[in-house]
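Quick mapping for you: the protein sequence lines, in order, are chains V and D.
In terms of my numbering, the first sequence has 107 at position 107, counting the first letter as 1, and numbering is strictly consecutive.
In terms of my numbering, the second sequence has 1163 at position 163, counting the first letter as 1, and numbering is strictly consecutive.
Among these hints, one or two may not hold up.
Unchecked claim - What follows is a list of derived Cβ distance ranges for each label pair:
1) 1035(D) / 180(V): 46 to 54 Å
2) 1059(D) / 167(V): 51 to 59 Å
3) 179(V) / 1029(D): 43 to 51 Å
4) 1040(D) / 167(V): 31 to 39 Å
5) 59(V) / 1193(D): 57 to 65 Å
6) 52(V) / 1116(D): 57 to 65 Å
7) 1018(D) / 51(V): 26 to 34 Å
Claimed, not checked - Residues from chain V that keep clear of chain D, each with C-beta distances beyond 12 Å, as calculated:
8) 1
9) 4
10) 6
11) 33
12) 34
13) 37
14) 52
15) 95
16) 113
17) 114
18) 118
19) 129
20) 131
21) 141
22) 164
23) 180
Since the hints were derived computationally from the structure, they do not count as laboratory data.
Just so we're clear, the structure is a prediction, and the values are computed from it rather than from any experiment.
C-beta atoms are modelled at their ideal positions from N, C-alpha and C, and glycine is treated no differently.
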Amino acid sequence: MKQSLIGLLLFIVLSLPPVVTLLESIMIIHMHMQMPLLVIAGALFGRYFQIHFPHFWEKWNGNGIPGITLFVIIAVYWSIPRTMDDALTYPSVEVFKFMSLFLLAGVPLYDSWKRLNVTLKNSVFILFTILFLSMGWLYLNVTQQLCNNYLLIDQITLGWGSAAMGVCIAIYLLYTTFTDPSQYE
Amino acid sequence: MVNNNQGLAMVLVLLFGGTLFYLGTDGFQVFTAEGARVNQLMEEKPQFPEITLEDSEGQSYLSSTFKGKYMLVTFFYTACSTVCPQLERNMERVYERIPKTYLGEDIVFLSISFDTDRDGPATLRSYQKYFKSDGETWRMARIPNPVELESLLDVFGVIVIPDENGNFAHNSAFYLVNQKGALTEVMDYTKIEEAADTIVELLEQGGGKK
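The shape of chain V in the complex, shown without the other chains (with noise of 0.2 Å):
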């Protein structure tokens, strides 16, 4: 109980006008920061439903995958450059953002993340390498501002953050391909 208590305590400081003000003035801290913390609290959160509705999520997402499915579509709907100005120009598409990263994606990855077999985490790494590699790629070689919103140097830190980010799970990937975790444990 007291991890969903963290995780809508969490939920409700992101909500508070000037952190959101403050988040959303830098593009990589809104990217990077403020949109993985709302599907973090999302996930504490979730604790919540799993404690109230255990048949729910065994019945709908026994494998695991459809919840994870709606979480990586929500994820990368938000890495569309104009879903992240929308949210910046209308209250309601940001309204939307908060709800759907913390519900529909924060809750769904916490079911779904321990019902997932190994083959499956790593394809969802996998996939946000990629994903991230390739948003780093698109937002280094765009000259074109793509978010009205943000200056041009804002969008080429945020180029550099997505490659990083991108290259530390690349190299997760490769760690737990060529070491086996259980020697140590």
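Given chain V, work out where chain D should sit, using these hints.
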């Protein structure tokens, strides 16, 4: 074993995702807000508002002076060192591709500065020397009245963000306004030949009627 419920859940999730992406990208067409803006402008074809321009020669006149002619409009500021010089250079290359007989008669090139404070007539005059702008068939001007400037930027969807160093970030395009003062084309400023071809074609069609 995959049971029916999970299959159904998967179908629902995918349907939801498909709908979300479809709606969020206007039917998989537009992935940037800029793309959405251009599409909307082309649909609405807004009128160029009536404003007072002050050009590099120090002359002031109403924008309706150009009624009956096409106007190719760009937005820039002279202190800009990034996109604007390229934008104006590309405008120059479009300018060179328009047959001389049309220039000034059927079409006017107009570069509008949104940095009203710094871009007075003298600054604009020295800036236009870098380009083939002659101050007549291709004019550089500012809009002294801030309310009028705001209304024009708003109608054309130009978003200007000032940064800490006295520069501005802004979205750029070639805006083509027709003889009746309606915005008819918003063109990619990096596709010079395409823009020039579109303009020449329109001029040839409209040339006989004039």
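Could you check the hint for me, namely that residue 1035(D) and residue 180(V) are 46 to 54 Å apart, CB to CB? Distance hint for residue 1035(D), residue 180(V) holds at roughly 48 Å.
For residue 113(V), which was marked as not at the interface, is the minimum beta-carbon distance to chain D over 12 Å? holds (16 Å)
Checking a non-interface call: every C-beta of chain D should be farther than 12 Å from the C-beta of residue 164(V). Is that right? holds (23 Å)
Hey, is residue 114(V) genuinely clear of chain D, shortest beta carbon separation above 12 Å? holds (16 Å)
Verify the CB-CB distance for residue 1040(D) and residue 167(V) against the hinted window 31 to 39 Å. Distance hint for residue 1040(D), residue 167(V) holds at roughly 38 Å.
Interface exclusion of residue 141(V) relative to chain D, criterion Cβ beyond 12 Å: holds (14 Å)
When you look at the beta carbon of residue 1(V), is every beta carbon of chain D farther off than 12 Å? holds (27 Å)
Can we confirm that no CB of chain D comes within 12 Å of the CB of residue 6(V)? holds (27 Å)
Since residue 180(V) was said not to touch the interface, does its Cβ keep a gap of more than 12 Å from each Cβ of chain D? holds (30 Å)
Looking only at beta-carbon atoms, does the pair residue 59(V), residue 1193(D) fall within the given range of 57 to 65 Å? Hint holds: Cβ distance 60 Å, inside 57 to 65 Å.
Test the statement that residue 33(V) is away from the interface with chain D: the closest C-beta pair must be farther apart than 12 Å. holds (21 Å)
Could one say that the CB atoms of residue 1059(D) and residue 167(V) fall in the range 51 to 59 Å? holds (57 Å)
Violated hints are absent here; each numbered hint is respected by the structure.
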